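S.K.: In order, the protein sequence lines correspond to chains A and B.
With our numbering as the guide, the letters of the first sequence map in order to residues 1 to 367.
With our numbering as the guide, the letters of the second sequence map in order to residues 368 to 847.
Source of the hints: derived by calculation from the structure; they are not laboratory data.
Because the structure is a prediction, the values reported are computed rather than measured.
Even for Gly, the Cβ is constructed at its ideal location relative to N, Cα and C.
Treat each hint with caution, since some may be false.
[To be verified] Stretch by stretch, here's where chain B covers chain A in the computed footprint (C-beta under 8 Å, at least three residues):
no. : region
1   : 215-224
2   : 228-234
[To be verified] Pulled from the structure, derived: some chain B residues nowhere near chain A, Cβ distances all over 12 Å:
no. : residue
3   : Glu441
4   : Arg556
5   : Pro580
6   : Ile647
7   : Leu649
8   : Asn653
9   : Lys706
10  : Phe732
11  : Leu772
12  : Ile836
Below, each chain spelled out in residue letters.
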Amino acid sequence: MMELRFFRDVIIKALLLFVIFNLVLMYFPRDTEKEQISLYNSIVPGRERFPFGEAPQLAYNLSLYDLDAMFAAHQVSARPGNQNELRIFVVGDSSVWGTLLEPKETLSGILNEMKLTCGEQSLQFYNLGYPTISLTKDMMIMQRATRYQPDLIIWLTTLEAFPLDKQLASPLALNNPQRIQPLVEQYQLPLEVTMLEEDIWSRSLWGQRRTYADWIRLQMYGFMWAATGIDQYYGPYEPAAWDLEEDENYYQFAPPTLPNEELLWQALPAALNLKGDVPLWLVNEPIMISAGENSEIRYNYFYPRWAYDQYRRELIQRSAHLGVPLIDAWDWIAPQEFTNSAIHLTPVGERMLAEGLAEEIEASFCP
Amino acid sequence: MTIFEILLLVLVAVLYRFIVSTQWGARGRGWILLILSTVAIFWLQPSMPIRFLDFWLPLGTLAITIYSWLLTAEFDQKRNRENWLAGVVILLLVLFIALTRYLSLEGLITANRPPQTLQVGIGLLIFVIVAILLSWLGKPSTRWLASGIIMLLAIFIILKLPVMSLWVSSMLRTWVGQSSAGASALDIRWLGFSYVAFRLIHALRDRQAGRLPAVTLRDYLNYVIFFPAISAGPIDKLQRFDKDLQKPLQLNGEVFENAFSRLVVGIFKKFAVADTIALIALNSQNAGQIQTNGWGWIMVYAYAYQIFFDFSGYTDIAIGLGQLLGIQLPENFNRPYLKPNLTQFWNNWHMTLTQWFRAYFFNPFTRSLRTHYRNLSPAWVILITQLSTMVLIGLWHGITWNFVLWGAWHGLGLFLQNRYSDWVKQKISWIDQKPIFQKSIQIFNVVLTFHFVALGWVWFALPEVTLSISVFTRLLGLGT
Numbered sequence: 001m002m003e004l005r006f007f008r009d010v011i012i013k014a015l016l017l018f019v020i021f022n023l024v025l026m027y028f029p030r031d032t033e034k035e036q037i038s039l040y041n042s043i044v045p046g047r048e049r050f051p052f053g054e055a056p057q058l059a060y061n062l063s064l065y066d067l068d069a070m071f072a073a074h075q076v077s078a079r080p081g082n083q084n085e086l087r088i089f090v091v092g093d094s095s096v097w098g099t100l101l102e103p104k105e106t107l108s109g110i111l112n113e114m115k116l117t118c119g120e121q122s123l124q125f126y127n128l129g130y131p132t133i134s135l136t137k138d139m140m141i142m143q144r145a146t147r148y149q150p151d152l153i154i155w156l157t158t159l160e161a162f163p164l165d166k167q168l169a170s171p172l173a174l175n176n177p178q179r180i181q182p183l184v185e186q187y188q189l190p191l192e193v194t195m196l197e198e199d200i201w202s203r204s205l206w207g208q209r210r211t212y213a214d215w216i217r218l219q220m221y222g223f224m225w226a227a228t229g230i231d232q233y234y235g236p237y238e239p240a241a242w243d244l245e246e247d248e249n250y251y252q253f254a255p256p257t258l259p260n261e262e263l264l265w266q267a268l269p270a271a272l273n274l275k276g277d278v279p280l281w282l283v284n285e286p287i288m289i290s291a292g293e294n295s296e297i298r299y300n301y302f303y304p305r306w307a308y309d310q311y312r313r314e315l316i317q318r319s320a321h322l323g324v325p326l327i328d329a330w331d332w333i334a335p336q337e338f339t340n341s342a343i344h345l346t347p348v349g350e351r352m353l354a355e356g357l358a359e360e361i362e363a364s365f366c367p
Numbered sequence: 368m369t370i371f372e373i374l375l376l377v378l379v380a381v382l383y384r385f386i387v388s389t390q391w392g393a394r395g396r397g398w399i400l401l402i403l404s405t406v407a408i409f410w411l412q413p414s415m416p417i418r419f420l421d422f423w424l425p426l427g428t429l430a431i432t433i434y435s436w437l438l439t440a441e442f443d444q445k446r447n448r449e450n451w452l453a454g455v456v457i458l459l460l461v462l463f464i465a466l467t468r469y470l471s472l473e474g475l476i477t478a479n480r481p482p483q484t485l486q487v488g489i490g491l492l493i494f495v496i497v498a499i500l501l502s503w504l505g506k507p508s509t510r511w512l513a514s515g516i517i518m519l520l521a522i523f524i525i526l527k528l529p530v531m532s533l534w535v536s537s538m539l540r541t542w543v544g545q546s547s548a549g550a551s552a553l554d555i556r557w558l559g560f561s562y563v564a565f566r567l568i569h570a571l572r573d574r575q576a577g578r579l580p581a582v583t584l585r586d587y588l589n590y591v592i593f594f595p596a597i598s599a600g601p602i603d604k605l606q607r608f609d610k611d612l613q614k615p616l617q618l619n620g621e622v623f624e625n626a627f628s629r630l631v632v633g634i635f636k637k638f639a640v641a642d643t644i645a646l647i648a649l650n651s652q653n654a655g656q657i658q659t660n661g662w663g664w665i666m667v668y669a670y671a672y673q674i675f676f677d678f679s680g681y682t683d684i685a686i687g688l689g690q691l692l693g694i695q696l697p698e699n700f701n702r703p704y705l706k707p708n709l710t711q712f713w714n715n716w717h718m719t720l721t722q723w724f725r726a727y728f729f730n731p732f733t734r735s736l737r738t739h740y741r742n743l744s745p746a747w748v749i750l751i752t753q754l755s756t757m758v759l760i761g762l763w764h765g766i767t768w769n770f771v772l773w774g775a776w777h778g779l780g781l782f783l784q785n786r787y788s789d790w791v792k793q794k795i796s797w798i799d800q801k802p803i804f805q806k807s808i809q810i811f812n813v814v815l816t817f818h819f820v821a822l823g824w825v826w827f828a829l830p831e832v833t834l835s836i837s838v839f840t841r842l843l844g845l846g847t
């Protein structure tokens, strides 16, 4: 039987330690430049793409908002094993991340499998895609990624990432206003960022409980990732719509003009600036071009023809003006090589895209 | 149980302790506990896809408990006014729970809205008629007691045999006007039936053997449906439980200390440790996905610790709640993974279950074999009894080949260990003179026993034999 005094002392000491720990968390300045502690890249291998998962127990993966934890779990943050490699970061949406694809079937996975070289130097591709469509989200990732010394950034994008309304709809962007707001201010982006209310309690153990719980789960799922190589649940899916609605509108925009002020074109010069001296390539990613019902009006579920054509013209013009190399891959892939969305490719489709990009890289990137 | 449910039960138990520590409360202790436990079994019963089953199954628990009491009670006990009062209290409580359908469109106490009052009335009428018929029985006869045990085993087989439970699920779905197409063997999840059955069989067998004390219906119900132990044990003995129930309770700081320390440890084990390890523990989903044998071993180790922390955590919570309610439930675990042989492991793992099987199967079966088959060598007797006991323990978890193989794995392990230790004792008697060597052997035995048990979990954790074999081959580096 324990004595009352012993029990009381244990409680007092535990409370004291709890209070001290919380005070440290609340008042200790955080060094965001430092890498976060992680089991990845040490005890378990780094992930080949960012953590994201809507069925964590099946995918051994989860969606979280802590960008530092996401990078710490990614193989990009591992110390480069081979000093003689050129690091190429592939940034974009779910088509880059690889929805319904195994890591080796993604664009980066296939490019790595090709074992491309520039003279003596091998090319190592890193999948920095994240499955939500927003240029602002991509810029946030790009900015955070520059500390890992890229030699080239390939940014795949599409019209769907440009509307202003889309920018903060990505939960990752929405929950990182402290990262988005400086971008908005520096590059005068026409976005209104709602800062999360941060008081002293929100920095305590209680306030940060979601972040810590996510971190623990992320580390635990690292073991399953290492044990199985699985990071996504591949359930049955509905193929992308082939027959389309007789609708000429693109969201609230009616033909004939897509208003440029409603699209975040400012993201292009901003991205060019924030990545410093590192070369940036833009890729207008492949879309499904339907030949079904109403395909004379729309290319696919996302895009009416008039809106997408205007976007393409504008993109070509603006990238040329900025001097950013643009690979216009919009029609590279046959419609049967798309899966559940007009931008998600099958493994065969990814290979076709990778082969096309590999040619461009070998021709233009290698000196 | 969820952490919310546990915390609420702790609060209820503390309030109970305060109330029954008063002079007035002490007089009503048994009644208050009966009301709490009855409401708790309806409240804790999980929701099920078959309509109204979450109401009928707890009522079923009450019915089989009362029927078994009627089978064990003496004639004059059945005529006792207090026992009739207990029956009436139960009826009123069930009726009250049924009437909550008018207070909420969803379940207020039950997981879903209770059935219509007329249906409940008919159900209760059938329940009462059967009870009256049983109450007309005279002195408890061996035949009636045996038929009670057979009935319990029959329900048990229906619930644990996937083919049978699927058939019953289909039938029930049709009965309540649902499509039988969606029927599944997992549809019927009867809260705590396994543990209720153990307690009832213990009471019926002890009555047959003349060891059962006379207890009131109220105390008998309190023993069987005692809510802290309803879902995961431990399995107490009626004689011991009743002694605690009759003891006066006081507000004692020491009891609160012990109870809360068990609760805190239990909640930590279950919700912090076990649930975290569960993310990497072997299961039917990940078993076929393992890529290397090293990670396979980690997943097997994780399962071994997950099941220990989960189960022993629940036991700690049950014991802590029991202490608050004035009942000292028996221990179920005593560092089982640190034991140097399989016999000691089973003496310290789910102790109340092994004690139950020892008392009601292993010992009587051993005696029977020795009496009826005198020519059988001791080794054969040990093999047959240990193997059959462990296979039965396996079957208690579910009637599948994997549980049979898990039981056989341990039965054979116990037999081999028994034979080996007899043989080795004679060979290495000199070891007593060399403490360092003795210690090393001890450590080796602990590691060996743990690995034997951990590998046994591969049968237990997975639903199919082929899947278990593929994991074994992977662990041995033979799989592709």
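S.K.: Does each hint hold? Answer for all of them.
M.R.: To see whether the hints hold, each was checked on the structure:
1. 215-224: holds (count 6)
2. 228-234: That given contact holds, which follows from 3 residues of the region 228-234 of chain A lying within Cβ reach (below 8 Å) of chain B.
3. Glu441: holds, 40 Å
4. Arg556: For Arg556(B), whose nearest Cβ neighbour in chain A is about 20 Å away, the distance exceeds 12 Å, so it holds.
5. Pro580: holds, 29 Å
6. Ile647: violated, 4 Å
7. Leu649: violated, 10 Å
8. Asn653: About 6 Å separates Asn653(B) from the closest Cβ of chain A, which leaves it inside 12 Å; violated.
9. Lys706: holds, 25 Å
10. Phe732: Holds: least Cβ distance 39 Å, greater than 12 Å.
11. Leu772: holds, 24 Å
12. Ile836: At roughly 19 Å from the nearest Cβ of chain A, Ile836(B) sits farther out than 12 Å, so the non-interface label holds.
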